[in-house]
Structure formats: C-alpha cells, structure tokens
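Sequence order for the protein chains is A and B.
Under the numbering used here, think of the first position of the first sequence as 1, with each following residue one higher.
Under the numbering used here, think of the first position of the second sequence as 1, with each following residue one higher.
If you are wondering where the hints come from, they were derived from the structure by calculation, not from laboratory data.
Any given hint could turn out to be false.
Said to hold, decoys possible - Quick look at which bits of chain A chain B covers, simulated, 3 or more residues with Cβ under 8 Å: (1) 25-31; (2) 108-115; (3) 125-136.
Said to hold, decoys possible - Not the full set, but computed from the structure, chain B residues with beta-carbon under 10 Å of chain A: (4) Gly35; (5) Ala71; (6) Phe90; (7) Ser91; (8) Arg100; (9) Gly134; (10) Met140; (11) Lys175.
None of the values given here were measured: they were computed from a predicted structure.
Glycine included, every Cβ here is placed at the ideal spot set by N, Cα and C.
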Amino acid sequence: MNKIYESVSETVADIPDNAVVAIGGFFTCGNPGTLIDALAVHGAKKLTLITQSMGVGNWEINHLLENKQVSKAICNYPFYRSASKISLFEKMLRNGDVECEVSPMGTFIERLRAAGAGIPAFYTPTGVGTVVAKGKETRVFNGSEYLLEEALKPDFALIHAYKADPMGNIIFRKTAQNYNPEMAKAATVAIAEVEEIVETGDLDPDCIHLPGIYVQRIVRVPRKDVVISIDD
Amino acid sequence: MTTEVKRFEGIPRELMALRIANEIPDGSYANLGIGIPTLVSNWVEGRDIVFESEIGMLNTGPLAEPEEEDADLINAGCQPITELPGACYFSDCESFAMIRGGYMDVAVLGAFQVSEKGDFAGWNIPGSGRGDIGGIGGSMDLGVGAKKLIIVMEHVTNNGEMRILKECTYPLTAKSCVDLIVTDLAVIKVEEDGLHLIEVAPGLTAVDIQSVTEPVLSVSPDLTEIEL
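Isolated chain A, as found in the complex (with noise of 0.2 Å):
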C-alpha cells in the first residue's frame, strides 16, 4: 500500500467544482498552506470551505477568495478579533459575494468526528438558548436541555502532518495537531501534505496519532516559515 503522490499538483487535481473542503489547521499552525495554495492554482469554483478561521492566520485562503473560489464557509472564527479590521472574508460577507455559517468549536468538530465514526447526528449541551440553537430540535436529558447537531461530511480533506509512512500512518507536532485528524476521518479523500515522509515500519505502532486506514493521498512538502501572528 503505497499512497505518496509526487507532486502537490496531483493530489488535488481532482477536486470538482461545488466540492466540500475541509481544511486544518487552526489560525497559522498546523495549516495545510501548501495544498490550499494548490487547491487555489486547481481553480475548482463554488467550494464549500470547513475551516476554522477564513484567512485570518492562515493567510492561504485569501487566495481561494481573491479568485472567487468559494461560495460558502462553515467556520469557526472568521473575523479579526477587532472589529475595527475587515478581513477580506467579512468584505466579501458583507457584500453578500459568500455565505456564513459559525459554529461553536467543540460542536464543530464534534460534527467532523461523527461524520467519520458512523453517528448521524448527537445531542450536545452547547449552544443551547443562543443563536447557534435556532432552527435545531432540543431535547431533555436527565432535566437538561441539549441540542441536535448533525455529523458535517466533507468530500475532502486538506491537512497538515509531521511525519507519516507510504501506509499513510500519521504523527502530528504539538499543537499542530487541532482540527486534523478528525477532519481526515470526517472526508471521503483526505489528503496530507507532510513535513517528512518515513519507510514503512519506522513509525512506533503505539504512537501513531492518525491511522493510515484514514489517509488517501501524502504528499511531501517543505516545512513553511510562518510568523505566529494573526495581526497580519
């Protein structure tokens, strides 16, 4: 089993248009850049982007907005933290050029994480009597209230990794490791761009983050210098 691609190219040259694209990373760590750069080169239209923050940090898909690449984006932090800065993002939002939709982050990846493990759909406590909750069932458990959120698929998955085998076993770095995994397990085609690509059998079978049976494509990228800063 070999899943190595040569060329970053490649490994998303079959993304079609009206795709769902879930994207790691949260703000400049962990961020696939370099497959979000591809992805944007690709030039597949009407996307729907999963995704913490919309270019805020992982500057990247300002690129997928500037060519007018996507049509909607389920995220969780989408603006500057002051609103006194307009990111590209809350332009186009604000024109009506795109669509919004923000969750709560645990619930967020609690969607990716059902949609990957077989659930339909959850009961969960957050969110209940905010905005988040409108439109959704409730139900009491134990004299609570909790509200159905259901699993978020996405066609594909663009992530970001430290280290894997052609068998696609994964091992993530620190805190790079956030939305990854989960959103590998969630998509029909996870594709990783990693850091170092090692031989079958080098990796400690009990310390492997991601296992392989989640993971399509790995491509090897060279690590990125990023500023760790979201005041850009």
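Given the coordinates of chain A, work out where chain B should sit on it, guided by the hints.
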C-alpha cells in the same frame, strides 16, 4: 441602552487577574480564554495548577521568549507558548470532549455582559455590522462545560454603559452558568437567588457598586475590599 453612569477608579487588569489566580485551588485543571484571562497565568508560579489550551494541550507554560518560539506551539490566541514537564498534546476534538465532559475545574473567560441569572454574552456586539456572525471560538463549550465559570471584565463600558444587567442585550454565549464575576470595581458571586456583592475595589462602597449595576445586589455581611 442604559444611560451613562458615574466612572469609578478600580483595580488594573493585572490585579483582576491576580484576584482570579487566588480563586483557583491547587490541584485544578483550568482553561483561560483570550484577553484579560491570559494574564492569570502570570500569577501562578509555584502553584499546582494545570492549564488546558483548547487547541489541544495540557500543562501549557508561559508565553515563549523570542528565541523559544515554535510555530507548532501556540495558544488559542495564536501566541507562541512553552510547555511544562508532564505536558501532553491531543486533538481539538479530544480537547472539547474533556471541556464538554466537565473536566475543567475552572474556566476564566472575558465577556461583554453578564445577567443576574448567570447568562453571559461575549462573542458578538450588535450594531458592529457583522449581523449574526462572529468568533464564537471555544467560549460556548467552555461556558456549559466548566465546573466553575469566572467572568472577568471591566464593570462598565468605555461609553459608560452597565455590563451587569437583569438580562443580556447582546447575543448570548451560554445560559445560567456564570459562578463568579470579577471586575475592576467588584467581585460578585452568582447564586440561585441572584447576585451577591462580596468584595469592592479600595475606596468604593456597596452603594457605589449598586449605582453601576442594573440588578439589585445582595450585599454580603462580610463585605471587604478585593483580597489580593
């Protein structure tokens, strides 16, 4: 909106953070939100407290010095941090499982408003042009999941509006979950029967605090100055 109120001189953010650090017992697992809450970590040297970062880490250390910065090691506010011995890393999903599952003994969050029933609003300011969209982050999950929720904020806005209200007017983060409010002017406990004023900033009185707080405060018989 409420009418403009008198401006009182209170304690600075660093001391609000110190007051909160004193509220977290040794042996606790705690989560600090972005903003003023991160200052709490400046006051915990020698304390047996493990901080969790929602990005997926237990036992976060102080902010990194420039030579220590590692792009793979940040906090929820995208600041480079360090790790302490005994730290461990896991996914964001695991992080929110432990938050929602009730494993945070204490969470400290900022907010725009708190109600007398312990509702709080901290993710969206109406009239900012952003409509129903804003950066929720982990705040809603932390609100419902934390065993003890401490809200830290200035008592009154820069425009002189009250922030402790009968009902929040801003979109809610979570309902009925705030346990303690620490402001620059006072420390207020949220109980079943309403808000209890337990401490005031130096030089201020219960009457002063009531004049800048919309719901009626029960004044503790043991009312003291903020204990640092």
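Okay, the hints, checked on the actual structure:
1. 25-31: With 5 residues in contact (Cβ-Cβ under 8 Å with chain B), the coverage given for the segment 25-31 of chain A holds.
2. 108-115: Three-residue rule met by the segment 108-115 of chain A, so holds; n is 4.
3. 125-136: holds (count 8)
4. Gly35: holds, 9 Å
5. Ala71: holds, 5 Å
6. Phe90: holds, 7 Å
7. Ser91: Constraint on B/Ser91 satisfied, holds at 5 Å.
8. Arg100: Since the shortest Cβ distance to chain A is 5 Å, the answer is holds.
9. Gly134: Status holds, d = 7 Å.
10. Met140: Given a least distance of 4 Å, the restraint on B/Met140 holds.
11. Lys175: This hint holds: B/Lys175 lies near chain A, its Cβ roughly 4 Å from the closest one there, short of 10 Å.
Checked against the numbered hints listed earlier, the structure breaks none of them; every hint is satisfied.
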